[in-house]
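Undergrad: With the hints as extra help, turn the sequences into a complete structure.
For the record, in the sequence shown the residue sitting at position 9 is 369 according to the working numbering, with numbers rising by one throughout.
Think of the hints as simulated: they come from the structure by calculation, not from any bench.
Label-pair distances were calculated between CB atoms; the ranges are:
id, residue 1, residue 2, range
1, Thr399, Arg370, 40 to 46 Å
2, Thr398, Glu378, 26 to 32 Å
3, Gly400, Ala364, 53 to 59 Å
4, Thr389, Leu367, 30 to 36 Å
Quick caveat, the model's predicted, so the values are computed rather than measured.
The C-beta atom is built at its ideal place from N, Cα and C for all residues, glycine as well.
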Amino acid sequence: MRFALLLEGRRTRQRQTEKISMRNHSLNTTIIITTTITTGNGAG
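TA: Listed below in structure tokens is the structure:
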């Protein structure tokens with residue numbers, strides 16, 4: 361029983377980690393797009 365709880369906890373933690381990494385990825389993409397637009401306007 362304890363093993364099943366341990367497994368479930370690990371799965372939940374992994375799901376949270378995936379959610380965080382997805383959020384970080386979209387944040388990084390937004391920063392890259394913003395930087396590209398700003399740099400493009402500065403150069404133009």
